[in-house]
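Chemist: Listed below are the residues making up each chain.
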Amino acid sequence: MTALVAKGIELSRGSRRILAGVDLQLRAGEVVLLAGRNGAGKSTLLRVLLGSERAASGTVQLGGRDLAAWPPRERAREIAYVPQEGDHPFEFTGRELVAMGRHPHLHRDQPPQLRDLEAIERALVAVGATDFADRSVATLSGGEQRRIAIARALATEAKLLLLDEPTSNLDLEHALQLVHMLRDLRGCGVGVLLTAHDLNLVAPHCDRVALLHDGRICADDVPTSALTAERVLTVFGVRAEHAAGYFPRDFRL
Amino acid sequence: MQRHRLPLALVGLAALAIVYLGVARGAPGLLELPSWCLGDLHPRLAYILEQIRAPRLLVAAAGGASLALAGAIMQATFRNPLASPDLVGTAAGAALGGALAIVWKLDGALLAVPAASLLGAMAVTALVFVLAGAHGRFSATGLLLAGVALNTLVGALTSFAVTFTFDNYTASSRVLFWLMGGLDSSKWENVAITGGGLLLFGGLALRRRRELDLLTLRDDSAFSLGVDGPRARRWLLLLACGLTATTVANTGGIAFVGLVVPHLTRLLVGPSHRALLPLSAVFGAMLLVLADLICRLVPPDTNLRLGVVTTMLGAPYFLYLLARHRRGEVL
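Chains E and R, in that order, are what the protein sequence lines are.
Take the first sequence: its letter number 194 is residue 1002 in our numbering, and every next letter is one higher.
Take the second sequence: its letter number 46 is residue 525 in our numbering, and every next letter is one higher.
In short, the hints are calculated from the structure, not lab data.
In this text, all values refer to a predicted model and were calculated from it rather than measured experimentally.
There may be inaccurate statements among the hints.
[Claimed, not checked] Quick list of the computed label-pair ranges, beta carbon to beta carbon:
{"#": "1", "chain 1": "R", "residue 1": "T631", "chain 2": "E", "residue 2": "R824", "range": "30 to 40 Å"}
{"#": "2", "chain 1": "R", "residue 1": "V627", "chain 2": "E", "residue 2": "P880", "range": "43 to 53 Å"}
{"#": "3", "chain 1": "R", "residue 1": "F645", "chain 2": "E", "residue 2": "A876", "range": "33 to 43 Å"}
{"#": "4", "chain 1": "E", "residue 1": "L914", "chain 2": "R", "residue 2": "T781", "range": "51 to 61 Å"}
{"#": "5", "chain 1": "R", "residue 1": "R713", "chain 2": "E", "residue 2": "S949", "range": "49 to 59 Å"}
{"#": "6", "chain 1": "R", "residue 1": "F639", "chain 2": "E", "residue 2": "L914", "range": "19 to 29 Å"}
{"#": "7", "chain 1": "E", "residue 1": "H1005", "chain 2": "R", "residue 2": "R710", "range": "47 to 57 Å"}
{"#": "8", "chain 1": "E", "residue 1": "S820", "chain 2": "R", "residue 2": "K584", "range": "13 to 23 Å"}
{"#": "9", "chain 1": "E", "residue 1": "L922", "chain 2": "R", "residue 2": "R504", "range": "54 to 64 Å"}
{"#": "10", "chain 1": "R", "residue 1": "L776", "chain 2": "E", "residue 2": "P880", "range": "29 to 39 Å"}
{"#": "11", "chain 1": "E", "residue 1": "D1006", "chain 2": "R", "residue 2": "G682", "range": "43 to 53 Å"}
{"#": "12", "chain 1": "E", "residue 1": "S949", "chain 2": "R", "residue 2": "L509", "range": "52 to 62 Å"}
{"#": "13", "chain 1": "E", "residue 1": "S820", "chain 2": "R", "residue 2": "F645", "range": "48 to 58 Å"}
[Stated by the list, open to error] Derived coverage of chain R by chain E (criterion: at least 3 residues anywhere in the stretch with Cβ under 8 Å from a Cβ of chain E; other residues may be distant):
{"#": "14", "region": "689-703"}
{"#": "15", "region": "739-753"}
Ideal Cβ positions, reconstructed from N, Cα and C, are used throughout, including at glycine.
Sequences and hints are given; from them, build the entire structure.
Modeler: Spelled out as structure tokens, the structure:
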């Protein structure tokens, strides 16, 4: 089973120490929420796990093999990523952007095959983007661009997804659709690590919540155990009454 | 229609080529082309077609295609629709290299000017790349700023090099005419260099069309899809340098083709490089053939230079872009 295992990740930017010995695991078939304050280093940690940013020390292994030793295209078939913000200098259509997700599966300049077109369509359906898939990305709203970016990650058919704030800019309906999608993905054996600030919305649907605080993971447990009132106070500086009971067991969206 | 775009554009280019060969201030004219094809044209007229107009046509077409491809590649690698061999300094570097080769009287050797141009183009592009990317991540703004700085510096160095030729009128006029851009002295060996550069570097670039698409994304996104952004950029910029240098070495300074053509083509067919690269090449060829046709048709004593014509076409395009920008549209 594919697993992404980070051990002892340390990383500084200038004199600021961002990650000070992070241990974190992501296995296929589980949904993990990475939470913490703004600037806690969540996005940096995701990039380290993706391999696009190198840690000063520590190891990241994918399937028991050093992440940096993976050939790029093979790695891209295992881990997909959605950055926090899109930025498109050119007016690609949504469908063209999603089709880029098939690059790791195609030879150098091979056009998409039937199987790729099906994967692209499935990804567009999964995020509810079929209606605006053929519009230029410049004409799409922030939330629509977000869904296109998520669809691109889905189109790779990777077993592990790293999503940086996938719910930002999404309206309630599509945020709910996204958390449902997380559940479906888990059902298909996909592992998802996501960051989000809306704990109420996302945490109940996660298998684990990892809290990043002061450069370390200070809790990594099932949501109800990880998000205690005491921890919410230390990590977010917010007094939450009965934080553990915040998510009723029968909570359903 | 989408399927037929490239064949249609090629038909357009072929038609333009026939007009180019047959329309001139002197004989042979269009009506003599059929007899040329049949081989019973007067040898003197056939010589004009075969040794003067045909090589000039092919250098214009290959050069225009190369510059347009170089522009399309640079716009994707710099993630900026305004990047082009002119703005980044690649063309200026190629011009400096070529000018130095002429000033130092190396231009007797067949490949001296193209080789010097390639070195100049690569040196300036590499310097811009390092200057902009020295501190961590690649920044498009940084690249363009470095390009502007280097462009100015290299332009000054080129002028400085030219002043060394002032004691020799023939040499200095040769350098200056070359710098202004022109195809008058195009021979079959120039066709071989420009065309060879187009086939080699353009062919390699065509195989990386989807990679170019991916490079327009943020580096992290491209990385997650299996593309090592910085490495792919270096390789593609090398190809753009090759395309620019093999053209500039034969045509001298020809501005704006690399900026305007990919930009207009993108408005027509969208940003995906699968269609954008081949069509930009054909449109670039058409633009330069047309511009050179204009040069040939004006009275000879005005001595209108090709680089001047393309600049006159390019400068208004910037104003058009400015208008678009003011309306809040994507460039």
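Chemist: Now look at each hint and say whether the structure bears it out.
Modeler: Comparing the hints with the structure gives:
no. : hint                         : result
1   : T631/R x R824/E: 30 to 40 Å  : holds (37 Å)
2   : V627/R x P880/E: 43 to 53 Å  : violated (33 Å)
3   : F645/R x A876/E: 33 to 43 Å  : violated (57 Å)
4   : L914/E x T781/R: 51 to 61 Å  : holds (53 Å)
5   : R713/R x S949/E: 49 to 59 Å  : violated (36 Å)
6   : F639/R x L914/E: 19 to 29 Å  : violated (49 Å)
7   : H1005/E x R710/R: 47 to 57 Å : violated (35 Å)
8   : S820/E x K584/R: 13 to 23 Å  : violated (56 Å)
9   : L922/E x R504/R: 54 to 64 Å  : holds (57 Å)
10  : L776/R x P880/E: 29 to 39 Å  : violated (52 Å)
11  : D1006/E x G682/R: 43 to 53 Å : holds (50 Å)
12  : S949/E x L509/R: 52 to 62 Å  : holds (55 Å)
13  : S820/E x F645/R: 48 to 58 Å  : holds (57 Å)
14  : 689-703                      : holds (count 12)
15  : 739-753                      : holds (count 5)
Violated hints for the displayed structure, listed by number in ascending order: 2, 3, 5, 6, 7, 8 and 10.
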